[in-house]
Structure formats: C-alpha cells, structure tokens
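Engineer: Spelled out from the first residue to the last, the chains are:
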Amino acid sequence: MMRSFSRLFIAEGLKMQKKRLLLLLLIGPLLAILSSLSIAGMSTNAGENKWVMMYTLSVFNYGMIFFPLIAGIFAALLCRYENHQGGWKLLFTWPVSRSVVYFAKFSVLIVTLAISQGIFFLFSVGAIVLRGDVSQIEWVVLGQSIFLGWLAIIPLAALQLWVSFLFKSFGIPLAINVLFTIPNLFAGNSQEYGPWYPWAQPALAMIPQSQVVDFKLAGIIIGGFLLFFIGGWMHFNHRDMLE
Amino acid sequence: MILRLLLAEGLKIKRTWMVILPMLGALGILAVLIVDYRLRSEYILGKYPDTVTGFLLEAQIILPITILIGGSLLASLAGSMEHQGNAWKYVLALPVSRWQVYLAKFLILFFLMLLFSGGATVSLACLWKGLGLTGEVPWKTLAMGVTWPVIAALPVLAIQLTLSLRMNNQSVPIIVGVLGALFAPAFANWLPWSYVFQVVPVDYAMSRRFENDPSLWLPIALGEGLIFFIVGMALFQRQEVHS
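Quick mapping for you: the protein sequence lines, in order, are chains B and E.
Position 105, counted from 1, in the first sequence is what the working numbering calls 153; the numbers after and before it change by one each time, with no gaps.
Position 90, counted from 1, in the second sequence is what the working numbering calls 1296; the numbers after and before it change by one each time, with no gaps.
Mixed in with the good hints, there may be bad ones.
As the list claims (entries may be wrong) - Listed next, the in silico DSS-like pairs over lysine-lysine satisfying Cα-Cα at most 25 Å (straight line): (1) E/LYS1218 to E/LYS1335; (2) B/LYS216 to E/LYS1253; (3) B/LYS264 to B/LYS216; (4) E/LYS1220 to E/LYS1335; (5) E/LYS1335 to E/LYS1346; (6) B/LYS216 to E/LYS1218; (7) E/LYS1335 to B/LYS216; (8) B/LYS216 to B/LYS66; (9) E/LYS1218 to E/LYS1346.
FYI, nobody ran anything at the bench for these hints, they're computed from the structure.
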C-alpha cells in the first residue's frame, strides 16, 4: 500500500511538466508582491507595522484570485493526460487500487500548493527586506498566515480534483473555478458569508492576525475538506470508466 | 465563405458551455449588485452625484474583471476545441484559408461577448426596476456602460485567442488572462488589460490611477485590437500543426 502510494506519487510528479509548473508558480506571487509594493510605496501613512499593511495587500492580491485559481489549474493538469488520451483505463489496468491513485493525485496537488505558498513566503520576505522593514517582521504571524492559507485551500483542492476527473474537457473545470472565483472579490469582504465560501477561505485564513485561530472558519474548512475529499474519493472509486 | 465558416463555428459551440457562460456571467453581475445595494444602498446613493453614475460605478467592482477573465476563458474554450479533438489537421485540410478560420473564431468570440453585454444590460435594467430607482430606465447609458468595456477588451481578446490557438495546454493562456486582468491596472494605464477599466460612460474621475476617458481609450483599444488581431492572424497563418 505505502509502496504503491509512493511510486504513484512519483509517477504523478513526473507527469507534471516541471518548467511549466515553475512558470505558473512563480509569476503569480511575483506580480502580487510587485503590485502591492507599488501601491504601498505611494502611501505615506507611517504606521508601526508597515510590513503588515504591505503583506495584507499582497495577501488580497494573491489569495483572493490567483491562489484559488492555481489550485483549479493544477487539479485540471493532474487529470489532463488521463482525460485526453483515454489514460484512465490504462492506469486502472495496473495492479494499483483506485484509492491509491486518488490519494497520489491529491497529495501531488497539495504539495504543489505548498510550494506555491513557499514561493509567496519567500517573495514576501524579499519585498519586506527591500523596503527595509525586516526588523519589524513577526515571524510567527507570517508563518501562521502562510500555513493557514495552505490548510484553507485543501477543501477547494479536493473539490477541484473531483470536478477535474468528472469532466473530460480541460476547460470545464477551469470555467467552473473561474466562475466561482470572481465573486470572491466581493464575498471575501463579507464577514458573514465569506467563511462559508470555499474560494474565499484561503484569503481569509491568510490575513495576518496575532490572535488565536478563528474556530468558525476552521470548523467550516475541516467540514468542507471531509465533504469534498470523501465525496470525490468515493465517486472516483465507484465511477464507470468509459475510456 | 466566411458566413458558412461562421455557421460551422456556431454549430460547434451549440449546446456547449460556451453559450451558457455569458448568461451566467450576466446573472452573476446581477447577483453581486443586488447584494451590494442591499447591504449599503444609502451609502451608495449618497456617494455619487447621480443615480446612473453610481449605478455604473458600483458595477465596476465586478464588471471589468468579469469581462477580462470571462473573455480569456471563452477564447480558451473556442481556441482549444480543435486541440482537444486533435482536429486541426482536418479543419485546415478543408478548402478554406487559415485567415478565414481565424476570423471566424474571432467573430464567434466577439459575438459571445456581445451576448454577454446584452444579458448584462438586461440584468442592470431589471435591477434598476427592482430597486425602484427614480426616473425611466436609462437603457442607452446602461448599454454603453457594458458594451464599451467589451469593445475595450478587443486587444485582450485577440491576445488570448492567439495564445489559445498556439498552445495545446491551456493553463498558460488562462493564467496570462487572469494575471493581466488582476494586476495590469495596478502597473500602468496603457497596458491592453487596463482599457476595460477606463471606459465608463460617466463624467467622473474615479481616482488618479484610473483615468476614465472613453473618448481617449476606446479608439486606442480599437486600433490596438486591430493590430493584435492582424498579428495573431499572421501567427496562425504560419503556425505548424502537429495533430
């Protein structure tokens, strides 16, 4: 079980084209940070925690649209080979269980998203150093924001993986993701509805705060993860593979 | 000839998501504006000089981003249809020239965008009625308010269609469209993605960043759209087809 998981994990990793992956992962955080630098550079408001303001701007730039979208794109990329060339049947003729295939794909997806968070972290620190606020950084707050953002994207990743293996076309899961991501600009600002919206959860979880974890948001995220992960997994196991 | 190609393209998108997407986009805008006016209608009515101006500027929260990202998505769906079916060789083996194929794709894309602006005009008018705002429904201003941004999006549509036709894997075109829509306006107002934000048909300076001036930016967008269209056509003409 463990062995076939690790092998499939490596196989799924190989299927992702590294160059394209790196390009997709680098460009979003880079632009998010640059644009928040250019906006934060204009404001003359010299508060104590200037890095927090700059970082919060980047979180909105990156977490509201780019991060949910990249989760959908990677989920669709992970199922692309199987959907396009009738690979599902080939994959399932191997002596591996469907569950392990699903776990492997899901693991590659969340590891990729963790890398995206890591890149965002590095760029954020780089921008703060550039501005000369490095002595003010509260590393715990920053680290917590990055980590919670990653946890909060996992339900959405599970949902997008589900949608991606369901539709043969590459465009449909992306279209669904884009359709639901755009209202984020709006839903994310609402205290009441925001936490219930899977596309808004990453950005909400990433807003830097020094107090303890928001239990309502955490509960919804865990519930959402169980729903989408188990739902997708069960459906994946019991689905007829036509090609 | 081009009419028959258009009919063929129309047949290809019949009963696909592509026809439903513009309508969903228009409904999404309606939904967001309903929530917006419900939450803070008094604030909105007090903020702007008159109702129509307020109406169109509130629509700016969501309209330009929807047009840009929705347009990229439609371009990707239209451009990737033959990639998915490995049908480029068949299409290009037909006795039609390549520029006609490109033109037909572009016209269908623009037609879908106009469908969106029609739907959005109707939803804005419904909202106007539903809110019981004073005076007649300003059909002409509302129609201009949603159609001008669509026309201003022509350069972006040409870029996206070219990218989607060239690339087999649609993840890069989608990311380019999304990042352009999100970040270009923060960098410079002369970038092709920025025009959509700068053509609101009201006499109102939103901020220093957004230089709203339809009489300046619409002709620029049209000219640039034509240039990018011709460049895209030339590129498609010389493109090597593998499948």
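Engineer: The structure should be examined with respect to each hint, and the outcome stated for every one.
Structural biologist: How the hints compare with the structure:
Distance check on the hinted pair: E/LYS1218 and E/LYS1335 sit about 37 Å apart at the alpha-carbon level, beyond 25 Å; violated. Proximity of B/LYS216 to E/LYS1253 is assessed by CA-CA distance (about 48 Å); at most 25 Å being required, the pair is judged violated. At roughly 36 Å between alpha-carbon atoms, B/LYS264 and B/LYS216 are farther apart than 25 Å, so this suggested pair is violated. Taken as a hint, the E/LYS1220 and E/LYS1335 pair is broken in the structure, with Cα atoms around 32 Å apart against an allowance of 25 Å.
A C-alpha spacing of about 15 Å is found between E/LYS1335 and E/LYS1346, which places the hinted pair at or below 25 Å, so the restraint holds. This hinted pair checks out: B/LYS216 and E/LYS1218 have alpha carbons roughly 17 Å apart, not beyond 25 Å. Proximity of E/LYS1335 to B/LYS216 is assessed by CA-CA distance (about 41 Å); at most 25 Å being required, the pair is judged violated. With a C-alpha separation of about 23 Å, the suggested pairing of B/LYS216 with B/LYS66 holds against the 25 Å cut-off.
A threshold of 25 Å between alpha carbons decides the hint, and for E/LYS1218 with E/LYS1346 the separation of about 33 Å lies outside it, so the pair is violated.
Hints 1, 2, 3, 4, 7 and 9 from the list above are not met by this structure, while the remaining hints are.
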